[in-house]
Amino acid sequence: MAQAVEGPAPSPGPAGFREYYARYAPYLVPVFAVFTALVVGALMIGLTGGDWLAAYIGLWEGSFGTPVAIANTVVRATPFIIAGLAVAVAFKSGLFNIGAEGQLYAGSVCVVLVGTLLQLPPVFHIPVGIIAGAIGGAAWASIAGFLKARTGAHEVINTIMLNYIAIRLTDWLIKSKTPYLLGDPADPSSARTMYIAETMRLPGFRVSDTIVLHLGILIAFGLVFLVAWLLNRTTIGFELRTVGSNPSAARYAGMSVPRTIVLAMACAGALAGIGGAGEVMGVRYALSTDFFSGLGFDAIAVALLARANPIGIIFSGLLWGGLLTGARLMQVRAGLSIDVIKIVQALIIMFVAADQIVRFIYRIPQRSSAEETMISRGWGGG
Amino acid sequence: MMATRRRGPTRRQIVAGFFIGLGLLLISTTISRVGQADSTISKLAFGVPGPVVQAPTALSLLLIGSLFLVSGALALVPAARRVATWLLWASTVLIFPAVLIWAAAGKQTNVMTMISETLRLGTPIALGAMAGIWAERSGVINIAIEGMMLSGAAFGFAAFAFTGNIWVGVLTAVLVGGLMALIHATLAIQFKTDQIISGTVINILAIGVTGYLRRQFIVDSGGGRVTLPQVPIPLLSDIPILGPTLFNGKPIFYAMVTLVVLTHLVLFFTRWGLRTRAVGENPRAADTVGINVYRVRYTDVLISGMIAGLGGAWFSLETVGNFDDGMTAGKGFIALAAMIFGKWMPFGAFGGAMLFGYFEALQTRLQILKVEIGGAPVPVQFLQILPYVATMVVLAGLIGRAVGPAAAGKPYEK
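So the sequence lines, in the order shown, correspond to chains A and B.
In this text, residue positions in the first sequence follow our numbering: the first is 1, and each later residue adds one.
In this text, residue positions in the second sequence follow our numbering: the first is 383, and each later residue adds one.
Hints are supplied without guarantee of correctness; some may be wrong.
Said to hold, decoys possible - Computed beta-carbon distance windows for the label pairs:
#1 B/396 / A/198: 26 to 34 Å
#2 A/259 / B/614: 35 to 43 Å
#3 A/186 / B/711: 25 to 33 Å
Claimed, not checked - Coverage of chain A stretches by chain B, computed from C-beta distances (three or more under 8 Å per stretch; other residues unrestricted):
#4 50 to 60
#5 128 to 137
#6 154 to 165
#7 345 to 352
As the list claims (entries may be wrong) - The calculated lysine-lysine pairs, modelled on BS3-like cross-linking and capped at a C-alpha distance of 25 Å, are:
#8 B/792 / B/752
#9 B/792 / B/725
#10 B/752 / A/177
#11 A/175 / B/725
#12 B/752 / B/574
If you are wondering where the hints come from, they were derived from the structure by calculation, not from laboratory data.
Since we're looking at a predicted model, the values are computed, not measured.
Even for Gly, the Cβ is constructed at its ideal location relative to N, Cα and C.
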């Protein structure tokens, strides 16, 4: 009886597990989110009359099942990783960069310019191309950064507007016939630019007829570590993070908040521009207006899934690339539209963004509100 | 957010500089052509059987340009402050006829068509802006208007394709918009997710779901269907010139006008409106006096989503008669800019929406008139970016400084 009043001594097994779970499970929230999204996706496929098991087996085999599939996934993941970094850097600085798509186009236009106008040996031409992409993307993103810093106009709407403007301008550069600007007179449909010089194409291994595993993934890895170092080990990174988490404290500490905002957007844009450079120099060797459609949103998803952690972005980027690569085989096996993957992806983002749901389902302690980065601070304009 | 005073030129100086530049540009390009024997004439027609104003292009633009220059210059003189303000407003209004006169050089264009096109193309933007007002007045930022519109457009059209009844389609669009809003409300109010992230999630979800819906179901149902019928209002539509322009619209256009008026009345003259505004400005105080903050926010976000869904129906059911991927083309975001332009007031937002509608109408008008600059036709892409650039200008606060509801964007913790 007395024992019952005191309560039984916790048996070491389950309590120890519960303790460990409470401690480390928060790190697994993204994994749980992906799992939950896949379950909901399976339910949806089942309810609309599809064979979810065949679909998911196809999805796995098409993305990570064979060496060729893995190579394909890596190639697809490269722009997601780099553009994801672009969103993450802005996010750490308290900015929401929805403009990766426009920045990719702006960077790629510069890449095509130096790729068609300059004649250089590969040793110089490839770095010049990457730098051109970075400059183009940085300049484009800085517009939104400058407007935010100077007038307080919210970067979310401005980056979206800049996306539309970048696509239209790229379209004009490609389609203009009097005179020809970037368009290729040899291409009757005038859907793409001229091909860039052989000397600027990224070297790689030919894995199959259509897939070349190019240098881009190594560039992506390099950028991941560069960003991680920049954010955590440098003064600039400290300023970015301080402005992101507490602008008032940053101002009080003597940091220039407007300058940091422009710098953060420029860094983000430079990264996205390099992502565009990788695609143009490694995969397509030219530019079309449909290359990056939707990539800006994918980049947001990749960054959110990794909680804006640069190392984590490698994994979320690979997951994203894998989902898109595997979707084809899934389509063949289960006769489902590729868009199913888009819905699964949207569900993943939903469960990651609203991790309270996931934490509730899997009994993970809720986050304290201090851990959250707030980016809804009104629309500015005044 | 930035409380510090802006450095550099004031807004008045920027506006003055803009008009001085524009005035100089107009004068320098037209002055050599004034008085030439074969002077070009811009014909502005008002209605199809209607009066036609024949304006000599160069002379009219020279006069307007001179007024721009004078008002811009006066605005920089502190002593002439009041006169200059009036002149600046007059100049702003005159920009609209000036653009038409310039575009119609040597040709004829119908002003009334331009006006009715502006009203028509401004409709989804005005609906989106009303959706924004309902959500933000209650303290929830709704950046998902674009996604709600897109889902409304897709599901509304799908429902029409399956049932054959276009009104079922409109109703479905409204309900689906509300459903998306329910997700947004649950994430933002219940789970206190960052409202911008939650809205972005819905936008992404909408792209995925509507794409799936279109490829899986709509493609087979055959495209190119009828759109909502034109409904001339009896008596009013018989007024010459004005009647066909204003009172011969389609149902969602009338619904938009009604909703603008209704939103204003409800927000400022009813108990619910007062509660909505209280919750949006100071939820803690509202809670203290017994208002259920969550209920008000849920309801208002739902209303917001349903209005956005109706805006979606405008695309697929009132205008195109089909559904395409991404057919809302950023109108939901432009609507937010219109809302900010209107300072979160229904009639102001309506004005903003019509301004964007004008840019859209101008884009097609300039294409039809094959306007040339420097001997080469203006690239169509340049005309297409007009509304987007205008949105950025509005957001930069060049038009009017605006402060939104104080609690917008902040989750309420009881």
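Hint-by-hint comparison with the structure:
In this structure, residue 396 of chain B and residue 198 of chain A break the distance hint of 26 to 34 Å, their C-beta atoms being roughly 49 Å apart. Remark: the range hint 35 to 43 Å for residue 259 of chain A to residue 614 of chain B is contradicted by a beta-carbon distance near 58 Å. Between residue 186 of chain A and residue 711 of chain B the beta carbons are some 31 Å apart, a value that agrees with the proposed interval 25 to 33 Å. With 0 residues bearing a CB less than 8 Å from a CB of chain B, the region 50 to 60 of chain A misses the requirement of three and the coverage assertion fails.
As drawn, the region 128 to 137 of chain A meets chain B at 0 residues by the rule of a beta-carbon pair under 8 Å; below three, the given contact is violated. For the region 154 to 165 of chain A, the proposed coverage by chain B is satisfied: 9 residues have a C-beta within less than 8 Å of a C-beta in that chain, meeting the threshold of three. Check result for the region 345 to 352 of chain A against chain B: holds, 5 residues qualifying (beta carbon to beta carbon below 8 Å, three or more required). For the given pair, residue 792 of chain B sits about 49 Å from residue 752 of chain B by alpha-carbon distance, which is inconsistent with the 25 Å threshold.
The hinted pair formed by residue 792 of chain B and residue 725 of chain B meets the criterion: a straight-line CA distance of about 19 Å does not exceed 25 Å. For the hint linking residue 752 of chain B to residue 177 of chain A, the alpha-carbon distance of about 16 Å falls within 25 Å, and the restraint holds. Among the hinted pairs, residue 175 of chain A with residue 725 of chain B is inconsistent with the structure: their alpha-carbon atoms are about 39 Å apart, more than 25 Å. Between residue 752 of chain B and residue 574 of chain B the CA atoms are separated by roughly 51 Å; this puts the pair beyond 25 Å, and the hint is violated.
In summary, the structure is inconsistent with hints 1, 2, 4, 5, 8, 11, 12 from the numbered list given earlier, while agreeing with the others.
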